[in-house]
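Enquirer: Numbering-wise (this note's numbering), the sequence shown opens with residue 487 and increments by one.
Hints are computed from structural coordinates only; laboratory data are not their basis. Every residue, glycine too, gets a C-beta built ideally from N, C-alpha and C.
With a straight-line Cα cutoff of 27 angstroms, these simulated DSS-like cross-link-like pairs (lysine-lysine) come out:
1. LYS546 - LYS591
2. LYS598 - LYS584
3. LYS584 - LYS596
4. LYS591 - LYS617
5. LYS576 - LYS604
6. LYS604 - LYS621
7. LYS538 - LYS558
Simulated restraints, written as ranges between beta carbons of each label pair:
8. PRO560 - ASN539: 20 to 26 angstroms
9. LYS622 - ILE544: 25 to 31 angstroms
10. ILE544 - LEU639: 52 to 58 angstroms
11. GLY497 - ARG521: 23 to 29 angstroms
12. GLY522 - GLN637: 50 to 56 angstroms
13. ASN539 - LYS604: 16 to 22 angstroms
14. ASN644 - GLU541: 48 to 54 angstroms
15. PRO496 - LEU625: 44 to 50 angstroms
16. ASP588 - ASP561: 26 to 32 angstroms
17. ILE528 - ALA507: 17 to 23 angstroms
18. LYS622 - PRO496: 39 to 45 angstroms
19. ASN539 - VAL640: 35 to 41 angstroms
20. LYS622 - ALA510: 22 to 28 angstroms
21. GLN611 - LYS591: 17 to 23 angstroms
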Amino acid sequence: MALRAKKTQPGKVEAIEAVGAKIASSADFIFTDYRGLTVQQITSLRDQLRAKNAEYHIIKNNFARIAFERGKFPDVSGMLVGPTAVAFAKTDSNEVAKVLVDFGKEAPVKLKGGLVEKTFYNAAQMEAYSKLPGKKQLLSMLMSAMNAPLQNLVYALNGVPTKLVRTLQAVADQKGSQ
487 MALRAKKTQP GKVEAIEAVG AKIASSADFI FTDYRGLTVQ QITSLRDQLR
537 AKNAEYHIIK NNFARIAFER GKFPDVSGML VGPTAVAFAK TDSNEVAKVL
587 VDFGKEAPVK LKGGLVEKTF YNAAQMEAYS KLPGKKQLLS MLMSAMNAPL
637 QNLVYALNGV PTKLVRTLQA VADQKGSQ
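Kindly generate the complete structure, drawing on both the sequences and the hints.
Expert: Here it is, written out as structure tokens:
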């Protein structure tokens, strides 16, 4: 357990407030161990996460712990051990988790866990969460399921006049050949 100072230095207060602002503007958080990543790899990962409307920051564990406590989040101190980087997801956190898991296959990024909708997920649960379809995919699946009965009705209604026209054409062709 870390010692807590009675008085915090002004620079540290500003840093904690900056982390608190990041936390306030994000919906979900994914904690990773970034040890062994090169600058190019971190830059590449940040670019991929930025495309998913997320940010990836390396923050001091103590600053993050204090900021999460101030934000009335569950105790995250178990995740904040050793070198820690946090992916701040604003919308689809499973898409962010998917990027981190895929990136972790080729680079030394290890999931520590996550805080999704103020619920803790360990590393294994986060990996399973990353395999779920995203919000956009679920909406498209729902819309296609809702659209299918109407499409089938249109095909059925269109089939009757088409069949009638083909039958009449066949009768006309048969009488024309006689």
